[in-house]
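Work out the full structure: start from the sequences and follow the hints.
Chains A and B, in that order, are what the protein sequence lines are.
In this text, residue positions in the first sequence follow our numbering: the first is 1, and each later residue adds one.
In this text, residue positions in the second sequence follow our numbering: the first is 1, and each later residue adds one.
Keep in mind that the hints are not guaranteed to be accurate.
As the list claims (entries may be wrong) - Derived pair list, reagent style PhoX-like, types lysine-lysine, alpha-carbon separation capped at 20 angstroms:
1. A:318 / A:290
2. A:407 / B:273
3. A:436 / A:421
4. B:170 / B:52
5. A:125 / A:186
6. A:407 / B:279
7. A:340 / A:421
8. B:273 / A:410
9. A:410 / B:279
10. B:472 / A:322
11. A:407 / A:474
12. A:393 / A:432
13. B:349 / B:299
14. B:351 / B:273
15. A:340 / A:393
Claimed, not checked - Chain A regions said to be covered by chain B (calculated; three or more residues, Cβ under 8 angstroms):
16. 234-245
17. 400-412
No lab work stands behind these hints: they were computed from the structure.
These numbers were taken from a predicted model, which means no experiment stands behind them.
For each residue, glycine too, the CB sits at the ideal point set by N, CA and C.
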Amino acid sequence: MHRTVLRAALVAACFLLVPAAGHAADDDLAPKLRGALVRLRVTGQSYETSAPWKLGRAYTRAGRGVVVGKGQILCKSNVVANQRMIEVELANSARRYPAKLLHVDRKVGLAIVGFDDKHLVETLKPLPLGEPVKLDDEFDIYQLGRDNIPERYDARVIRASASSSGLDLLLKTTCSDSGDGQVALKDGKVVGLLTSTYGSRQQGTILSIESLRQYLEDFNAEGPYLGKPGPGFWTQQLLRQDLRTYFGLAENQHGIAVTRIVPGRTGHGVLEEGDVLLGLDGFDIDDEGKFVHDVHGRLSSSYLLGGRRKAGEIVKAKILRKGVETDVEFELKGQKPDEKRVPEGWGAERPQFMVVGGMVLLELTSSSSISRSAGGVLLRRFRERANWDPPGKRRRVIYVDRLLQDKANKGFEDVYHQPIKTINGIEILDFKSVPKALETPEGAYHVFRFDGLTTDVVIPADELDAINKRIAEKYKVTRLRYLRGDED
Amino acid sequence: MPNRLFARRPGAWLGAALAAALLLPILPAWAEDEPAKGGPAVAADNEPDLVKLRASVVKVFTVSQSENYRRPWQRPRPQGSSGSAFFIGDRMLMTNAHVISDAKNLQVKRADRVKRYEARVLFAGHDCDLAVITVDDDAFWEGMRPLEIADRPAMRSKVMTIGYPTGGQKLSVTEGVVSRIEVNTYVHSGADDHLTIQTDAAINPGNSGGPVLQNGKVCGVAFQGRMFAQNLGYMIAPSVIQHFITDIKDDVYHGYAELGIYMANLRNQTLRKFLGMPKDQEGGMLVLKPVPYASASGKLQRNDVILKIDGVKIESDGTVKIGDEFLDFAFVVEGKQIGETVTLTVLRKGKIFDVEVTLKEWSARMKPGRVYDERPEYMVLGGFLFVPLTENYIGWGSSNDLSYYMQSYYRTVAEEGKTREQLVLLSRVLPDASTRYIRYSDAIVDNVDGVQPNDFAHFVKLIDESKKDLIKVEFEGVNTAPLILDMKKIRAVHPEILKKNEIAEDRYVRAKESK
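Dropping the structure here:
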C-alpha cells in the first residue's frame, strides 16, 4: 500500500521535474536540426569480471548524437561502451532504426556510429562544422528531448581547459539534462558536443570543435587512424625556488623540468632528464607548465603535446640544458593499446582468461578490481606504473584472480590476486606464454610461482585435464580459456 | 590459513580491529572516589576466600599522555583511565601493559582502604600486555596476600573474574567457564600473537589487569574483549604470565623471542609430493621466507618443511597437540626466553635433519606493532618534517596505502643486508615563505644525494654530515619530484620556523641500535 503511494508520488515528482527551460527549436533551423539530431539506444553487455566465461546482464543506455558526415553520427564514447546493439531514434518519432559502431577513441571520449538503413540515409543530413568559440561567445545547445522533440538551451563560454586528450569549454547553460552528446550550435554550425552538466550551478562542459574536428579528420583520412600521442615524459612544475635553483633557471627564465622519459615514447632520444622545457610549438611555457593560447587564454602545455596534435606529428621545443638554451624537435609518438603493460579495461569484447587447476587467470587491466591483499599491493603497483614502465620483456601482468576450490587446489586458498612470475620455470610475459609454459611440466608437475610472498602452486601434470574438467562441471564453467586468436 | 609469521604478524592487528583493550576511560565525574564504608562487603558463603582475595586485587588509576606522531614535538592532552591489578608477591602488582602505558601519574587503591597510593612502573611488556607496578609506601602492603599463578584451566572449567569494571566503584566479581583456548592477537601492540583464554564470565572495560581465578589461583589476566559480540572476554594465559615473570627475574624485561618465519600450510597433497615428502609423513608447515634479521634468518630457506619443533609434531595447519588441545605452534616458542634454542626438524629436498635456532630479540627497526612509552623520532629541518615510518605513525591517521606499502615492503621485498631497516618519510611541509609551492605528504625517502638511508638515524647523519649547500632528496614513486634542500637558506629560516610553530626541540633521534 505504502509502496504504491510512494511510487505514485515518485512518478508525479518526475513529471514535475521535466525541464521547463527548453525552448522549441528556431523555425528556420528546425528542418535541418530534425535531420541531424538523433537519440541513440544502446544495448550493452559485458563479461562478468568474476566469471569471465560468462556474459553479464544486458542493459540499455540512451545517449544523443549528431550527424556530422555522410552516414556518420558523432557521439560520446561512453554512450557506446560495451555495446551489443545500437539503435537510432529520429526527431519527433518513436521508431528505432539499426546502426553500428564504426569507431571509438576512449581517450578523446568520442565515437562514430554508422548507418546504412535506407530511411536513415534519406532522412539524416549532416550539420556543418563551425569555427572555434571563445570566452563569452554565446550559442545554443540542442537536444532531442522528451518524445524526441528538439529542444534549445542557451549557453555561453566561461572558461577553457585543455589536456593531452583535447580542449574542453566550460559553459554557463540552461540545459540541465545530463551531458550525453547534445550538440552546441552557433549560426547553424556545430561548435561542440556537450559532455557533462552541473545542474545546480547551471554549468556544463563541451568538447570543443577543435577536438571534434581533429577526431573526425583523423578518422576520415586515408590510412590508419593515428589517435592522440601517448604520454612520453614526466615533467615537474618549477614554481618552487629550490627546484628552480637546482635546475639552474635564471630569474627571467620559466618552464617545467623533464624528470623522466619513457623509452621509445615521445621525446626519447631528444630530451634528457634534467632538461627544462621553456617553450613548445612556438609558445612560452610558464613555471606551472601553462602557456597562453591566442584564443582561449592560459592552458596546460599538455595540450601542445597531445591535445591539439595527432600521433606522428613533429613538435618544436625550446629547452634549457646545462644552462644553455637550445632548440630541438621531436616526434609525437602514439601509444597503441598493445604498448601498455597494463592495458585499458575490458569493453564488450571477450576478456582473455584461463582456468587452470581451479585458478582463474586474468590479465591485469586498468579496470581490474584489485583487493588490498598482499598480492593486491603488487598488482596495484604494476598498475600505478602502467604509463611509466615500458612494457619491456614482461608485456602483460597475468594474475590469479580467484580460486575455484577443489580437492586439487586444497591449501592454496591464499593464492589470490597474485601476479604469476613463472610457470614451470618459464617467465610469464603475457597470456600467450601461459599455455606454452604448460607444455613443459617440471617433472611430473606444473609449478606456478608468484611475485608475492605466497606458496608455490603445484598441480600434477598428467591430471590437469581431468581436474579442469571436474572443476568446469562443478562450477558450470562453460569454457576453460579464451586467449586472443582462440575461436570466439 | 593465512601466511603466518611466527608469534608476530605484521599487520595482523588489522584483522583483529574488532578486539578492544579493556581500559576504562575515566570521566571527570568519576575522578573522586567514594570512601569504602565498613569492612569487607558481601562474601558469599560458598566463596570463603573472597574476603581475603579482596585485599589483593586493587584498582589502578592512570593519567596517561601518549605521543603525537603527526606533531611529534607536542603531546596530546592527558587522559584519565582506570584498570585493575593484583598482588603477586615481592611488592609487585601485576596488571596489563595497556593500563599503565604512557602513564604520567599512577595511583592504586585497595578495596578495603580509602587512600590512594602513588605507584610506579617496574616492568612493562607491551608485546604480551603485562606489566608490574609497585608502591613505595610500606603501609600499602600490610595484610596483602600474594596470588599464585595456576596452570592453564581446562575447557569448560569454572572461572571467576575479579576487578573494577565500569558500572560502579567497588570490586566486582563475575563467573563463567573457559569457552576457548587458542593463540590470538594481542591488540595492545597489534602484532603479537600469544595464547589466549576466552571466557563467558563478564569482562568489561576496567577489568583490564584484574585476575581471573580458579580455586583461588590466577589462571589468567583479563585484558581484551570483542565488540559486537556477547559473552566474549579474553584473558592472558598462565604460560604467558609465567614467561613474563621469568623474564623480569634479571630486572630487565627482554620480551618475546622471535623465530621469524613466514609460513604457509601444507594441506595440499600434490605440493607435499612435490617437496619430496614421504607418503606416510604427516603434518608440517611450509617455509615461505625467513624474516630478515630474525632468529631463523640464514638457517631456513624457502620451501623447507618444518616437521617438528622441539620434537613435537607440527600438524599441517600449523598447530601442535598439547594435552587435548591443538594449539598454534607459536605456543612452543612462547615458552622460551631470548637466548634459548629451539630445535626444528626440517625436510629439505627429501632429506630430514635438525636445525638449532637460537632465539633472538626482534630487531627494533623491523619489529611490527605499536610501541609505547617511547618518544617518536623526528627531525624538523627548516619547514620540513622528517619521521621514520612506524605503526604508531600509521595509527595517527595516514593513508591506507602507507600501511599496505609497509606490509608489502617488509613481507615481499625485504632481504637481509639489502633492505633498509626502516623507511624514512617526509611527513609534511610546514607553511612558510621558504616552503611556498612545496607540497609533500608522507613521501617515502629513497635517497639523499644518491645514498639510501638504512634507518632514520642514518638519514639524519647523511643530512648533518653533508657539506653540500644543495642536498637532493629523492622519493619513491614514479612522479614525486626530488626535494632540493638549500641548506644555507634552511639554516637562515630554521629558528624562525621553530618559533612560529612552537617547536622546542627540532629533533629527537635515537642512537642506532647495534645489530
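Please write out, lowest number first, the hints stated earlier that are contradicted by the structure. none
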